[in-house]
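*Asks:* Start counting at 1 in the sequence shown, then tack on 1, and there's your number in this note's numbering.
It is possible that part of the hints are untrue.
[What the hints assert, rightly or not] Cut-off 27 Å, straight-line C-alpha distance, at most; resulting in silico cross-link-like pairs (DSSO-like, lysine-lysine):
1) Lys-60 <-> Lys-81
2) Lys-195 <-> Lys-154
3) Lys-60 <-> Lys-77
4) Lys-152 <-> Lys-195
Since the hints were made in silico from the structure, they are not lab data.
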Amino acid sequence: MDMTRVSIVPLTLFLAGCQLLEPKPDETRLFLIAPRIPEVSAPAINQATVRISIRHFPKHLESPYFIEQLGPNELKELPKYRWAVPLEESILDLLRRYIRNSFPRVAVEIFPRDSAQDADHAIRIDVEELAIDIHNQRISFTGEWEFCNLKQKSSDRSPFEFHVPLPASSDRYTSIAAQIEQAMIALCQGIVQKMDLLLLKSESETNAP
């Protein structure tokens, strides 16, 4: 019997076993909706208090994973691609920064799930869809937001709808994250622009004889 062959076979098996036991590299990629506007300090004197919340958010989007919509009735989680911060929190943080940056004397507080007592105004967002839509080859961000004057017990509703083609970039999911971020920023800018008019209207009605 060739003892060289006998000794090589166990050695090969041993080395293969060691490779199997070695920890696999973590290939998870984390993506962040990055606020690109400065954090403004709280005002010394508040002109008004606005409490912001998300009233409706699709349950499946609470997952930390990127989720692709393969068809009308099928979703697919991608565990390798994850959000560093939950999307719901990212929307509210972006909105808070945009409001504070545009209205330095307005105090902004984030409240969970439609809670807004003891404030002058409330903004409530209903997200209907935030989809990486593989079937239609687009990213969709749709829903409605409401501005409530809590003192006067009045409200104003505005729909929002953003659709952009899925990117053809080689780094597909980095581009997808950037496009979702841009859709969120567009929503925040739209809210701030309309808030300017609504706050002015509210102030004039309050000061009217």
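*Asks:* Against each hint, give a clear statement of whether it holds in the structure.
*Replies:* A quick look at each hint next to the structure:
no.: 1; hint: Lys-60 <-> Lys-81; result: 20 Å, holds
no.: 2; hint: Lys-195 <-> Lys-154; result: 18 Å, holds
no.: 3; hint: Lys-60 <-> Lys-77; result: 14 Å, holds
no.: 4; hint: Lys-152 <-> Lys-195; result: 19 Å, holds
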